[in-house]
Amino acid sequence: GSSNEGSNESGSTNEGSGDAAGEYKIAMITDSGDITDMSFNQTTYEASKAFAEANNVDFQYYKPTENSDEARTASFQNAVADGYNVIVVPGYLFAGMIAQVANANPDVKIIALDCGEGDFTEAGMTELPENVCSFTYQEELAGYMAGYAAVKEGYTKLGFLGGMAVPAVIRYGYGFVQGCNDAAVELGNASDVQVNYVYGGQFYGDDAITAQMDTWYSNGTEVVFACGGGIYTSAGEAAKKVDGKVIGVDVDQAGTIDGLYGDGVCVTSAMKGLSATVDATLTDLFAGNWSNYAGKIENLGIVSGTDPALNYVQLPTETWSMTNFTVDDYNTLVSQLYDGTITVDNSIDAMPKTEITVKEFDNIH
Amino acid sequence: MAGLLLLIQYTLIFSAVLILVALGGMFSERSGIINLGLEGIMVFGAMAGAMVMVLLPAGTPKITIIVLTLVAAAISGMISSLLIAVACINFKADQTLVGTAVNMLATAAATVIVKGFNTARSNGSDFSAKLDYIAGHDAFMFSIGGLQLSWFIVVAVVLLVAAIVFFYKTKLALRIRACGEHPQAADSVGINVYAMRYIGVLMSGFLGGLGGIIYIAAANSTWHFDYGVAGAGFLALAVMIFGQWKPERIAWSAVLFALFRSLSNVYMGIGFLHALPISGTVYNMFPYIVSLIVLAFTSKNSRAPKAEGIPYDKGAR
Amino acid sequence: MEDYVIEMLHITKEFPGIIANDDITLQLKRGEIHALLGENGAGKSTLMSVLFGLYTPEKGVIKKDGKEVKINNPNDATDLGIGMVHQHFMLVDIFTVLDNIILGSEPSKMGFLTKAEARKKVMDLSNKYNLKVDPDALIEDITVGMQQRVEILKMLYRDNDILIFDEPTAVLTPQEIDELMKIMKDLAAEGKSILFITHKLNEIMEVADRCSILRKGKYIGTVDVANTTKEELSSMMVGRNVKFAVDKDEAKPGKEVLKVENVSVKSKIHANDSVHNVSFNVRAGEIVCIAGIDGNGQTEFVGALTGLDDISSGKITLCGEDITKKSIRYKNTHGMSHIPEDRHKHGLVLDYTVEENMILQRYFEPAFQSGGIIKKKEMRKYSDRLTEAFDVRSGQGAQSIVRSMSGGNQQKAIVAREMDREHELLIAVQPTRGLDVGAIEYIHKEIVKERDNGKAILLVSLELDEVMNLSDRILVMYEGEIVGEVDPKKTTLQELGLYMSGAKRDNKEEA
Amino acid sequence: MIKKTSFFKRPGVQTLLASILCAILGIILGYIILLFMNSEHAAEGMWAILKNFFKFSNNPNTLMYYLGSTLVKAVPVILCAEAILFAYKAGLFNIGAAGQYTVGIIACLYTSLALGWNWFLCLLAAIVAGAVWGLLAGFFKAFFNVNEVIAGIMLNWIGLYICNIVIGGEKCMNQTKSETFDLFATNPSALLPGFMKEVFGNNQYTTIAIPITIVVAIIILVVLNKTTFGYELKATGHNKDAAKYAGMNAKRNIILTLVISGAISGMAAGLYYLTSIEHYQISSSVPGMGFTGIAVAFLGGLHPLGTIFAGLFVEYITLGGQYLNTNYYNPQVADLMIAIIIYLCGFVLFFKTLINRPGKVKVNANAEPEKTEKKEV
Ligand SMILES: Nc1ncnc2c1ncn2[C@@H]1O[C@H](COP(=O)(O)OP(=O)(O)OP(=O)(O)O)[C@@H](O)[C@H]1O
Ligand SMILES: Nc1ncnc2c1ncn2[C@@H]1O[C@H](COP(=O)(O)OP(=O)(O)OP(=O)(O)O)[C@@H](O)[C@H]1O
Ligand SMILES: [Mg+2]
Ligand SMILES: [Mg+2]
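Residue numbers (my numbering), protein chains in the order written: chain A, 1 to 365; chain B, 1 to 317; chain C, 1 to 511; chain D, 1 to 377.
Extracted from the complex, chain A is given alone in its bound form (with noise of 0.2 Å):
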């Protein structure tokens, strides 16, 4: 397919030119979840929704009818015809979309999320066009972060429930384990620290993870770092029963688990900046600073080791709740990441290995 409705509208836009936003028109698609994930589908929704609103510019999310890259594909063609021409996509699962309609669709830009460099080699694409741009995380940095937080709390006995295992949730994860690791080893009780390892299948929690999460808490879990959109209801309905714990994930939780579960539950959550990078791409882009993204594959992670909260990834201080491990003691962690004092391995092929005990179940789903 080569349509390229949209064309006519944004056709003799330029990226310099000054009034742009009422050129542009935003869109995103989904991946194979809804704009209620909980997730990255909901943040990118979100945040492009609000950043829409506030420039007054049209805005629409389409739903593919499959989870399938003819299927985003369509949606795209759908959002070009209607006239949409920057084109928001959360999730790897986008690289191949991308690979089939960029370069036919020279004038609609297209924000991606999450699709990295090997997505995109994947999908047939070693470089990326000038109208489109993409952002990774280094959720494993995330992950980390918590993991090392969560054993110098003083928690021996952790578990991390993912949600399905994708490269976003499998590097909070692995990153999870390392830290918790480095953690053990420097307090020296790594023979002591044990973490459960499991995939749910699904990023939504029901009874049969829920069950799993009892058997987990009831075995002497103490807190589980629940990684996946709506997963976290499995986790915390376990956890309520037992005063267990919870660590959240993409965003802040706090206020969603604890308002759910009981005041404390949710320990802390490993943060990632998506809807930070959303708003600040599209401001960038009406601002005639597309250049500044064009064909560029960002890898997003920690930019500054003296104020986190410019970090794309970090634990939210705002509701610390943790005594053993301080604020301070979170912001030597950042700055040691920083300077590369710590390094996280990113790759997703193999659980780390470690000194603590990891015990990886089958996939609940």
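It is worth saying that the hints were derived from the structure and are not from the lab.
Among the hints, a few may not be true.
Calculated pairs, PhoX-like style, for lysine-lysine (alpha carbon to alpha carbon, straight line, at most 25 Å) [what the hints assert, rightly or not]:
#1 K268(C) x K244(D)
#2 K240(D) x K268(C)
#3 K115(C) x K246(B)
#4 K109(C) x K169(B)
#5 K29(C) x K63(C)
#6 K376(C) x K226(D)
#7 K169(B) x K306(B)
#8 K67(C) x K29(C)
#9 K300(B) x K268(C)
#10 K244(D) x K375(C)
#11 K59(C) x K314(B)
#12 K244(D) x K326(C)
#13 K109(C) x K246(B)
#14 K306(B) x K268(C)
#15 K251(D) x K306(B)
#16 K345(C) x K314(B)
Anything over 12 Å on all C-beta distances counts as not near chain D; from chain A, calculated [said to hold, decoys possible]:
#17 N55
#18 P129
#19 E153
#20 N219
#21 G259
#22 T283
#23 D284
#24 T332
#25 Y338
#26 D339
#27 T354
#28 V358
Each residue gets a CB set at the ideal place from its N, CA and C atoms; glycine is no exception.
Chain A is fixed; fit chains B, C and D with the ligands onto it per the hints.
Only chains B, C and D with the ligands this time, still in chain A's reference frame:
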């Protein structure tokens, strides 16, 4: 030990669900209507029950929450079962088709309705197909020793006893059963076959709706309605056949099935089971394999209600 | 003015495309047994269904005790004291006798059944009218005769005094028929009024006071049975004279066609054999009949013979060839034709057309297919030829769906098919069950013609008239064994009855 | 044959009219739902769904591309419906089509991804797998008298769990993406040969699956109506005992019917997944294809060719949902509409009698109740 307690706890919960839904299926089939739409009825019941729990203001007394939730689920189940009753009884539609259609309809409708419900409630900020009802969920919980129980289980037991008494001792049940076996005979002694079949289907709606709310609320405090009830209705159907369309046997079969189902979820917490090289998926498969094999040995003399599946036509002989 | 309990005046009931009852008037006197006679499809059942509230007539009125009444459903009928024993029993198989009797009028307190009082009432009735039943037996476990007693008790339990019997004797054994006749007389003597549908003129002659005749939906007339003859009744019914005795010459038996040696069949219900050690033969050009009371192993024996059921031991030889272990298909194509006992269950695919049913065992023959494709033209031609030859009547000829045909015509279609097929042996089981005299006469004639053409015929029948009239040799089956062989010309009904009831048996083997 | 009956009295025409009526009613109900949700934009929304890919009408290439995609996606639904229809004609309700479809997925994906076979063998594997699953149901039915609906439901779930285990393994599934590998990258030889790609705007997914589906439908039509085999199957379907009496091998026919039905369902999976248009993901519910197939078969008037159109229609509406403006409606409304249409399929028979008014249908004229064919669950 903890694992064993969990096993008991989950077995009880699933048994409660399966008993109620399978009993529902039983009454419907005993009246002559095959009800493959149990899955859909469960979704509708669950949706209404969950909505009530969401809507009740904080501080509502537990007993009020419990009663209203159950009533809503039961009524919603009954209303949705009318979809089956009208099509199959009045319009003589193919019962297998209608049941399947109701299942599809339920998930699609629940998604759209819950989305609408959330959107309206949140003034457009939340349009998910998910409901959180943790306060409601808590209202049902109580524990004895280390065992967490819920009023749902009590309700299921009470209804089971009631169903057994009803089934064997009442005039109405005798009439319903006659309609599932030989509607012409029932008609010839002045029994209104349509009415009996309506009652049978409505009872399946009542019990299926309750089963639905128990399914989602006994072990969860959040539910995503776009995912339906993941085959629980079909499992109940298997339980019903396994139980030979008799309430007391259905109860035993339900416990058996629930045990396997729970094993698939908590076997990792039970040392020796976890040591076995069997994955959760295999435990999931177990009830289906077992029932297939048991059916193979029992079906030769299995007695499904004779007239089930056949629309009743007064004129025909 | 006569004392009529029920008057059906100028009743007209239409079904799409047919007037089943056309201006029919029927008056029932108090305490009489009133027979209703007519060919298949004459409208008898319809008329009774109108009286019982199952159908609403387009025209006409019904009066009870001289007062006009509206009967819209069986409840109304019950309230008026009208009860009906249906042609096909209306009993729930898996219920007990007691549950069946009380169904619809259950005694109860607050919805809960109170069976004790019901049981007492039923047992009282059972004793009073000598209707022996076991109240706790399941319907599926009891004999047809007892089921009928249950049906009668159902009416009595509801205090009905107008009783309708729709073909009650079609499924009964001679002894049971006698018993029923006696019960009906007793009931009439009690003051109850009875409407009695039957195709058997003997029965009318025996019990009925008056008889109304219908033909093709129209009322022909009512006669006092005392002043009439079977011949008169039958000519009123079909519009011509009917012969009751079958015209046939002496049999000229030829070579042995069927030989059965020591055949036994295991019972599906109990431990004993349902057929035990049966041996006999049938030769070309003779009609051998297996007589006996229903349930003595005839069905099982025929099942084993034709291959529908398993045989446990013994040997069956057809035209010199051992066919014991052969498939049904093999038997079908090697000289065996079979008019089955149950035409709906085995004989026909009711949703197929006439032509499709005509080739049921032959569709694979080169005459009807080539390369797996059915030759529709050949099929049509063949069907047209058979329906013409055997006078099978149906709405749309070869293309009529068999389900829509009358029982008689369905049976004729089967007879046509089985007789036309290449065969040496014809097994005819209850070939005239439920048919009117015209149809019976016709089928009997065809069977005799078969014999005269040198075919071997094995007839299995419960009707003693048929047995005596048609067969050249009679074998009596009792509890799965052949207990005697008699010559119909030298025996009496009484002797046959003794054999059938097990009171008498030949000791061939021992001798 | 001389035409005896008027055009509107012919059963085929009546079935067609009934199906169309059912579809139209579904669309009207869908419209009412849209009105409920957002009355202002309802007409626009309905129009978007109906207009569908004709939205691209000023770009014929794209238009044809999405026509092609719709055809590709309709293939499995149509074939599942054909499978169900075939069994239905033989008196068997193959609700197990969903499971047969699932094992078809296992076979074609395992052979293509793990074993690297070519498309023909992979397709064959899918067909065989579906057939085996059908055989199991048939076996239980024929030898143990287990109702095929129940056996089917059990086998559906067993198939699903096996699929999750086998296809979820490392050989087929990209463990870091939780979906199966792409055939274009891993094993292009397993991709079905293309079919008129140029006509369909260079749609890389339009393959011989499309013509094969039509051929299968025609074969089913011929087999059922013209052959001795079809005659036998239908006879067995209508009356098992009469078929036995006639010397037909009832057990063999039951098994054969379900084997063929299963093979078609398995083929449906093969013809879909071997285009690589979609990748398999672990699922906790049985694929809906087999269930939609039931409805499509009924909507198609239980006619092999009618089923093709019904399948296209259902797929058309399903895909139409994505054209709704999400600012006013959520796209799931289309699913709801489809579900309603499917539900209405139950009324097709009634609509047919409605159209047929004066000449009432003859039901069970001579049959005693216990002799009527029936399905028990
Ligand atoms: N439910 C019905 N719908 C349509 N036509 C019917 C129906 N019942 C009966 N008929 C028609 O009415 C006519 C009379 O049928 P009815 O059953 O009263 O005959 P009958 O005298 O009882 O015959 P038989 O001796 O065979 O029992 C039949 O020819 C038939 O065509
Ligand atoms: N629903 C119906 N629609 C049309 N015709 C019917 C219907 N029910 C019965 N009939 C017709 O009524 C007539 C008599 O029916 P009935 O069942 O009494 O047949 P029968 O000859 O007595 O057969 P059997 O001896 O097997 O009972 C037949 O012609 C039959 O076709
Ligand atoms: Mg009659
Ligand atoms: Mg009759």
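Right, here's what the structure says about each hint:
Of the supplied pair hints, the one linking K268(C) and K244(D) holds, its CA atoms being roughly 19 Å apart against a limit of 25 Å. With a C-alpha separation of about 20 Å, the suggested pair K240(D) and K268(C) falls inside the 25 Å cut-off, and the hint holds. Our distance criterion of 25 Å between C-alpha atoms is met by K115(C) and K246(B), whose separation comes to about 21 Å. In summary, the hint linking K109(C) to K169(B) is supported, as the alpha carbons are separated by about 11 Å, within the 25 Å threshold.
For the hint pairing K29(C) with K63(C), the CA-to-CA distance comes to about 12 Å; that is within 25 Å, so the pair holds. Proximity of K376(C) to K226(D) is assessed by CA-CA distance (about 8 Å); at most 25 Å being required, the pair is judged to hold. With a C-alpha separation of about 21 Å, the suggested pair K169(B) and K306(B) falls inside the 25 Å cut-off, and the hint holds. With a C-alpha separation of about 14 Å, the suggested pairing of K67(C) with K29(C) holds against the 25 Å cut-off.
For the given pair, K300(B) sits about 12 Å from K268(C) by alpha-carbon distance, which is consistent with the 25 Å threshold. About 23 Å separates the Cα atoms of K244(D) and K375(C), which keeps this hinted pair within 25 Å; it holds. A hinted pair counts as satisfied when its Cα atoms are at most 25 Å apart, and K59(C) with K314(B) qualifies at roughly 20 Å. A threshold of 25 Å between alpha carbons decides the hint, and for K244(D) with K326(C) the separation of about 14 Å falls inside it, so the pair holds.
Our distance criterion of 25 Å between C-alpha atoms is met by K109(C) and K246(B), whose separation comes to about 24 Å. Our distance criterion of 25 Å between C-alpha atoms is met by K306(B) and K268(C), whose separation comes to about 20 Å. For the suggested pair K251(D) and K306(B), the alpha carbons sit about 22 Å apart, so the restraint of at most 25 Å is met. Distance restraint check for K345(C) and K314(B): the Cα-Cα separation of roughly 22 Å lies within the 25 Å cut-off, and the hinted pair is therefore satisfied.
Annotated as non-interface, N55(A) keeps its C-beta farther than 12 Å from every C-beta of chain D; the closest such distance is 16 Å. The Cβ of P129(A) lies farther than 12 Å from every Cβ of chain D, with a closest approach of about 20 Å, so its non-interface assignment holds. Chain D leaves E153(A) outside its interface by the beta-carbon criterion, the shortest separation being 30 Å against a cut-off of 12 Å. With a closest Cβ-Cβ approach of about 25 Å to chain D, N219(A) is found to remain outside the 12 Å limit, as its non-interface label requires.
For G259(A), the non-interface assignment is confirmed: its Cβ lies about 26 Å from the closest Cβ of chain D, beyond the 12 Å cut-off. Its beta-carbon lying about 22 Å from the closest one in chain D, T283(A) satisfies the requirement of being farther than 12 Å from that chain. Non-interface call for D284(A) relative to chain D: holds, since the shortest CB-CB distance, roughly 25 Å, exceeds 12 Å. Here T332(A) stays apart from chain D, with its beta-carbon at least about 32 Å from theirs, past the 12 Å limit.
Non-interface call for Y338(A) relative to chain D: holds, since the shortest CB-CB distance, roughly 27 Å, exceeds 12 Å. Listed as a non-interface residue, D339(A) keeps its Cβ farther than 12 Å from every Cβ of chain D; the least gap is roughly 30 Å. For T354(A), the non-interface assignment is confirmed: its Cβ lies about 19 Å from the closest Cβ of chain D, beyond the 12 Å cut-off. Remark: the non-interface label on V358(A) is consistent with the geometry, its nearest Cβ contact in chain D lying 17 Å away (cut-off 12 Å).
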